[in-house]
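There are 2 protein chains.
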Amino acid sequence: MIEKTKKILIVGLGLLGGSYAQSLTRQGYEVFAITRKQSTIDYALEHGMIARGTTEIDARMIGQADIAVFALYPHVFIEWMEKNGKYFKKGAIITDVTGVKCAIVDKIQSLLPEGVEFIGAHPMAGKEVYGIENSNEEMFKGANYIVTPNEKNTPHAIETCKELGRILGFANISELSPQKHDRMIGFLSQLTHCIAVALMTCNDDVNLCKYTGDSFRDLTRIARINEDMWSELFMLNKDILISEIKAFGGELEKLRRAMETDDVETMKNMMRTSTARRAMFDKK
Amino acid sequence: MIEKTKKILIVGLGLLGGSYAQSLTRQGYEVFAITRKQSTIDYALEHGMIARGTTEIDARMIGQADIAVFALYPHVFIEWMEKNGKYFKKGAIITDVTGVKCAIVDKIQSLLPEGVEFIGAHPMAGKEVYGIENSNEEMFKGANYIVTPNEKNTPHAIETCKELGRILGFANISELSPQKHDRMIGFLSQLTHCIAVALMTCNDDVNLCKYTGDSFRDLTRIARINEDMWSELFMLNKDILISEIKAFGGELEKLRRAMETDDVETMKNMMRTSTARRAMFDKK
Numbered sequence: 012m013i014e015k016t017k018k019i020l021i022v023g024l025g026l027l028g029g030s031y032a033q034s035l036t037r038q039g040y041e042v043f044a045i046t047r048k049q050s051t052i053d054y055a056l057e058h059g060m061i062a063r064g065t066t067e068i069d070a071r072m073i074g075q076a077d078i079a080v081f082a083l084y085p086h087v088f089i090e091w092m093e094k095n096g097k098y099f100k101k102g103a104i105i106t107d108v109t110g111v112k113c114a115i116v117d118k119i120q121s122l123l124p125e126g127v128e129f130i131g132a133h134p135m136a137g138k139e140v141y142g143i144e145n146s147n148e149e150m151f152k153g154a155n156y157i158v159t160p161n162e163k164n165t166p167h168a169i170e171t172c173k174e175l176g177r178i179l180g181f182a183n184i185s186e187l188s189p190q191k192h193d194r195m196i197g198f199l200s201q202l203t204h205c206i207a208v209a210l211m212t213c214n215d216d217v218n219l220c221k222y223t224g225d226s227f228r229d230l231t232r233i234a235r236i237n238e239d240m241w242s243e244l245f246m247l248n249k250d251i252l253i254s255e256i257k258a259f260g261g262e263l264e265k266l267r268r269a270m271e272t273d274d275v276e277t278m279k280n281m282m283r284t285s286t287a288r289r290a291m292f293d294k295k
Numbered sequence: 012m013i014e015k016t017k018k019i020l021i022v023g024l025g026l027l028g029g030s031y032a033q034s035l036t037r038q039g040y041e042v043f044a045i046t047r048k049q050s051t052i053d054y055a056l057e058h059g060m061i062a063r064g065t066t067e068i069d070a071r072m073i074g075q076a077d078i079a080v081f082a083l084y085p086h087v088f089i090e091w092m093e094k095n096g097k098y099f100k101k102g103a104i105i106t107d108v109t110g111v112k113c114a115i116v117d118k119i120q121s122l123l124p125e126g127v128e129f130i131g132a133h134p135m136a137g138k139e140v141y142g143i144e145n146s147n148e149e150m151f152k153g154a155n156y157i158v159t160p161n162e163k164n165t166p167h168a169i170e171t172c173k174e175l176g177r178i179l180g181f182a183n184i185s186e187l188s189p190q191k192h193d194r195m196i197g198f199l200s201q202l203t204h205c206i207a208v209a210l211m212t213c214n215d216d217v218n219l220c221k222y223t224g225d226s227f228r229d230l231t232r233i234a235r236i237n238e239d240m241w242s243e244l245f246m247l248n249k250d251i252l253i254s255e256i257k258a259f260g261g262e263l264e265k266l267r268r269a270m271e272t273d274d275v276e277t278m279k280n281m282m283r284t285s286t287a288r289r290a291m292f293d294k295k
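If you're matching them up, the sequences are chains W and V in order. Positions 12 to 295 (our numbering) are the ones given, in order, by the first sequence. Positions 12 to 295 (our numbering) are the ones given, in order, by the second sequence.
Any given hint might turn out to be false.
Unchecked claim - Capping the alpha-carbon separation at 25 Å, the derived lysine-lysine pairs in BS3-like fashion look like this:
id, chain 1, residue 1, chain 2, residue 2
1, V, Lys191, V, Lys163
2, W, Lys279, V, Lys265
3, V, Lys15, W, Lys249
4, V, Lys163, W, Lys257
5, W, Lys249, V, Lys138
6, V, Lys118, W, Lys249
7, W, Lys48, W, Lys97
8, W, Lys279, V, Lys279
9, V, Lys15, V, Lys221
10, W, Lys221, V, Lys15
11, W, Lys191, W, Lys101
12, V, Lys221, W, Lys221
13, W, Lys101, W, Lys48
14, W, Lys265, V, Lys152
15, V, Lys221, W, Lys249
16, W, Lys118, W, Lys15
17, V, Lys100, W, Lys279
18, W, Lys249, V, Lys249
19, W, Lys265, V, Lys15
20, W, Lys257, V, Lys265
21, V, Lys173, W, Lys257
22, W, Lys97, W, Lys118
23, V, Lys118, V, Lys15
24, V, Lys279, W, Lys265
25, W, Lys138, V, Lys191
26, W, Lys97, V, Lys191
Note that these hints are calculated values from the structure, not bench results. Fair warning: this is a prediction, and the values are worked out from it, not measured in the lab.
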């Protein structure tokens with residue numbers, strides 16, 4: 012239970028931060044925000060997404076937070092905590108939405124004042140658009156939410172973080188170590204973004220859209236990609252991502268060799284495996 | 012204009028054949044069908060999708076068709092025409108829904124009696140499910156339809172084939188030579204299916220569905236794949252498909268090398284290209 016009297020600070024009002032703010036405010040929490048642009052604060056206030064907000068570092072506001080959610084680029088999150096982590100009050104629980112964990116969890120935990128706890132989380136929701144104008148709490152419905160505790164975390168903080176996921180409306184809340192999270196995400200999210208990008212860069216025919224079917228559209232929806240955010244996420248998980256690209260490339264090679272050698276049976280076997288494994292994603 | 016008095020034969024009442032039948036019957040055409048299983052005919056009759064149908068080769072029925080649409084596996088289509096093409100009447104126009112063209116167009120045209128014309132078409136619509144029970148004319152809305160004439164085709168047949176696409180409700184009707192069609196489809200459809208299969212076969216973690224976001228779901232929707240149909244389509248277009256796999260693999264390698272060498276600028280440039288090209292698919 013996160014009581015309605017708890018005060019929640021969101022740092023970074025983008026697509027995800029904005030959606031968190033919208034959902035939590037609607038459900039009766041006092042939500043305040045720190046973000047870069049005044050126009051974002053104005054938008055959030057006009058749309059009733061936050062109670063108050065600032066573009067400055069407001070030590071008092073930070074000190075009021077019972078729970079803080081960081082929705083920033085990884086390096087910005089770390090810099091922010093280096094400068095301002097000291098303002099959090101004892102008992103505050105800090106969480107995030109960052110897409111990589113090993114590269115930030117230990118670092119962030121090393122920057123905390125006594126009695127403040129950081130517990131990582133990764134909401135598996137997003138869109139190929141950005142900014143508070145596109146935020147929408149609906150995107151959490153049916154989605155997965157992964158909490159990534161390490162040995163420094165208390166059961167209380169882990170439970171609070173999971174409860175936050177439930178309050179936001181995520182369908183499945185699960186727990187993974189930062190290491191397992193990064194491996195999973197290297198495959199499920201980062202590799203798929205690499206594939207979408209490579210699909211777009213390998214063909215410069217401007218007429219493709221006149222001939223395409225849904226499958227190409229689906230595979231490349233995420234090819235509209237924020238290059239600053241994703242290149243940072245890729246680099247912070249590069250050892251895992253490189254190995255995932257190699258594993259995937261190996262399977263694609265296997266399929267290609269089967270074609271080259273007229274080995275239809277290998278091709279069909281791969282398709283049968285593919286069909287069987289994909290069916291698991293429909294059950295949920 | 013295809014007058015409402017025209018009689019239309021559908022050969023093969025699967026997902027696509029069934030959807031064609033449904034749409035054309037609803038719009039007042041007399042549609043009859045030849046298909047393998049009696050249960051399929053029964054289903055189509057019960058659901059008012061056809062006026063009559065048979066599992067036998069009915070020379071009289073074939074001879075009545077003004078327009079015939081073949082929705083069969085490529086090798087079945089060719090075998091069917093070898094045996095029964097002779098029953099078509101002079102003036103009949105034959106078209107199809109086959110996913111490859113070079114491998115069938117010349118062959119089919121060589122099997123036609125005098126005065127009968129074959130003009131290829133590829134409706135870029137489908138689903139990851141099969142069979143008449145899943146057929147639904149709604150799937151044509153907003154979709155692309157490609158007519159693939161060669162030098163043997165008359166303007167009348169080309170226009171009739173395009174008109175059929177319009178009647179069925181396709182949003183964009185375009186024309187490509189069989190060669191250009193096969194190259195386009197090797198990239199847009201076959202490569203994407205190879206990618207989806209390779210994504211499923213390269214990771215056997217049964218817990219993936221608990222952690223996934225939408226991007227992985229989108230990329231693998233088509234990983235539920237009919238291995239008989241797709242392996243046949245792949246093999247019939249294998250030279251092109253192999254070269255597309257190589258081109259795509261090369262771009263993925265480029266992305267991987269950029270990570271290995273910390274070349275963030277190359278990575279960002281690829282993402283910028285990707286974003287710009289993908290935007291063309293949103294305009295329509």
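Hints and how they fare:
1. Only pairs whose Cα atoms come within 25 Å are accepted, and Lys191(V) paired with Lys163(V) is accepted, the gap being roughly 16 Å.
2. Proposed proximity of Lys279(W) and Lys265(V) is contradicted: the alpha carbons are some 29 Å apart, above 25 Å.
3. With a C-alpha separation of about 62 Å, the suggested pair Lys15(V) and Lys249(W) falls outside the 25 Å cut-off, and the hint is violated.
4. Proposed proximity of Lys163(V) and Lys257(W) is contradicted: the alpha carbons are some 46 Å apart, above 25 Å.
5. Distance check on the hinted pair: Lys249(W) and Lys138(V) sit about 35 Å apart at the alpha-carbon level, beyond 25 Å; violated.
6. Our distance criterion of 25 Å between C-alpha atoms is broken by Lys118(V) and Lys249(W), whose separation comes to about 50 Å.
7. This hinted pair checks out: Lys48(W) and Lys97(W) have alpha carbons roughly 23 Å apart, not beyond 25 Å.
8. Simply put, Lys279(W) and Lys279(V) have alpha-carbon atoms about 37 Å apart, too far for the 25 Å limit, and the pair is violated.
9. As the CA atoms of Lys15(V) and Lys221(V) are separated by approximately 52 Å, the hinted pair breaks the 25 Å bound.
10. With a C-alpha separation of about 29 Å, the suggested pairing of Lys221(W) with Lys15(V) is violated against the 25 Å cut-off.
11. Restraint check for Lys191(W) and Lys101(W): the C-alpha separation of about 30 Å exceeds 25 Å, so the hint is violated.
12. Distance check on the hinted pair: Lys221(V) and Lys221(W) sit about 36 Å apart at the alpha-carbon level, beyond 25 Å; violated.
13. A hinted pair counts as satisfied when its Cα atoms are at most 25 Å apart, and Lys101(W) with Lys48(W) does not qualify at roughly 29 Å.
14. Proposed proximity of Lys265(W) and Lys152(V) is contradicted: the alpha carbons are some 36 Å apart, above 25 Å.
15. A distance of roughly 23 Å separates the Cα atoms of Lys221(V) and Lys249(W); the hinted pair therefore holds under the 25 Å criterion.
16. At roughly 31 Å between alpha-carbon atoms, Lys118(W) and Lys15(W) are farther apart than 25 Å, so this suggested pair is violated.
17. In summary, the hint linking Lys100(V) to Lys279(W) is not supported, as the alpha carbons are separated by about 39 Å, beyond the 25 Å threshold.
18. Of the pairs offered as hints, the one joining Lys249(W) and Lys249(V) is violated, with about 33 Å between alpha carbons and a cut-off of 25 Å exceeded.
19. In summary, the hint linking Lys265(W) to Lys15(V) is not supported, as the alpha carbons are separated by about 50 Å, beyond the 25 Å threshold.
20. For the given pair, Lys257(W) sits about 12 Å from Lys265(V) by alpha-carbon distance, which is consistent with the 25 Å threshold.
21. A threshold of 25 Å between alpha carbons decides the hint, and for Lys173(V) with Lys257(W) the separation of about 44 Å lies outside it, so the pair is violated.
22. Distance restraint check for Lys97(W) and Lys118(W): the Cα-Cα separation of roughly 14 Å lies within the 25 Å cut-off, and the hinted pair is therefore satisfied.
23. For the suggested pair Lys118(V) and Lys15(V), the alpha carbons sit about 31 Å apart, so the restraint of at most 25 Å is broken.
24. With a C-alpha separation of about 29 Å, the suggested pairing of Lys279(V) with Lys265(W) is violated against the 25 Å cut-off.
25. The suggested pairing of Lys138(W) with Lys191(V) is violated, with an alpha-carbon distance near 34 Å, which exceeds 25 Å.
26. For the hint linking Lys97(W) to Lys191(V), the alpha-carbon distance of about 63 Å lies beyond 25 Å, and the restraint is violated.
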